[in-house]
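Participant: Here is what each chain is made of, one letter per residue.
Protein chains: 2
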Amino acid sequence: MALSMYDASIPVFVRVLRNLDQILAKGEAHARDKGAQADALLQSRLIFDMLPLVRQVQIATDMATRGASRLAGVDPRSVEDNETSFEQLHARIASAIEHLRGFTPAQFEGSQTRAISFKSRAGELKFEGQGYLFHYVLPNLYFHVTTAYNLLRQAGVPIGKADFLGEA
Amino acid sequence: MALSMYDASIPVFVRVLRNLDQILAKGEAHARDKGAQADALLQSRLIFDMLPLVRQVQIATDMATRGASRLAGVDPRSVEDNETSFEQLHARIASAIEHLRGFTPAQFEGSQTRAISFKSRAGELKFEGQGYLFHYVLPNLYFHVTTAYNLLRQAGVPIGKADFLGEA
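First to last, the protein sequences are chains A and B. Counting in this note's numbering, the first sequence runs from 4 upward without gaps. Counting in this note's numbering, the second sequence runs from 4 upward without gaps.
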């Protein structure tokens, strides 16, 4: 049994987004306990010129869904970045997970060497599928989820590494 | 050509640690520019009850070297956590990268289903190799490197996502 590109992608993405959803729920509960406007927490940043929590979550979901689409050779779907509440972010994550679960292992066959190119803020990027997954999608996905975790952790939300890693 | 456990591990770990090394170098240069005791930056934390920068780097290197060893079925090496300077951390990362480069693809054959168990602060953990790599080693490695990045970024070090992702 060989490792498949599907196994290295879809179940990993789903798990990471599910953990993110649970971390966000703890952040929301913490903010409500403080009597704060919970949704204000979504605008928190580690420093003024980094993206706020709401963007970390939006980018994490896009990274997973676009990553899956490009590896499968289909056009990535586009969603609006218009969430302003925890409730809307939970819905965005749920939609991303449902979308990811629609991919099949057969769509990922041959994706290891698939030519992938797209425009990013850094310009035109070109990869083979394996490099795209391991050196772009996974690092970016973990970057944004970890940064979301760090924002909540710094705000005093009672979460720990076990919440980040999640359960099998 | 199938995806191999070696390809999903060693080149990824090496790249992540190399990027971490370069981010740290920028942090050190920034601290020296400020006239600060550069090594004091290693004690910075996002919040008092999270680990300081020096521990983020130590854990990242251990995650990679122990991950590689356990997947290869050999006893993980143990190194002391006694670094107090950027110079010592650079040496630790260089040693970890050299150690990782000593593993061969043949050692990773069959690692996908290898039974892996070890004691962590969370108690006894048990995995099959594939789950260990994708749901423990990679998330933890990216967690600690991203947190190191966030600590430096919050301290005003001029780094960006391109430094985190690194070059091929």
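If you are wondering where the hints come from, they were derived from the structure by calculation, not from laboratory data. Errors might be hidden in some of the hints.
To be verified - PhoX-like cross-link-like pairs, simulated, lysine-lysine; straight-line CA separation at most 20 angstroms:
#1 B/Lys164 x A/Lys164
#2 A/Lys129 x B/Lys122
#3 A/Lys122 x A/Lys29
#4 B/Lys164 x A/Lys122
As the list claims (entries may be wrong) - For each label pair, taking beta carbons as the anchor points, the in silico distance ranges come out as:
#5 B/Asp36 x A/Phe51: 17 to 23 angstroms
#6 A/Ile50 x B/Asp52: 17 to 23 angstroms
#7 B/Ser123 x A/Ala28: 43 to 49 angstroms
#8 B/Ala94 x A/Ala118: 36 to 42 angstroms
#9 A/Ala125 x B/Arg80: 15 to 21 angstroms
#10 B/Gly38 x A/Phe51: 42 to 48 angstroms
#11 B/Ser98 x A/Lys164: 21 to 27 angstroms
#12 B/Glu83 x A/Ala28: 47 to 53 angstroms
#13 A/Leu54 x B/Gly126: 31 to 37 angstroms
#14 B/Gly126 x A/Ala118: 27 to 33 angstroms
C-beta atoms are modelled at their ideal positions from N, C-alpha and C, and glycine is treated no differently.
Participant: Check each numbered hint from earlier against the structure, then list the numbers of those it violates in ascending order.
Facilitator: Per hint list: 1, 2, 3, 7, 9, 10, 12, 14 violated.
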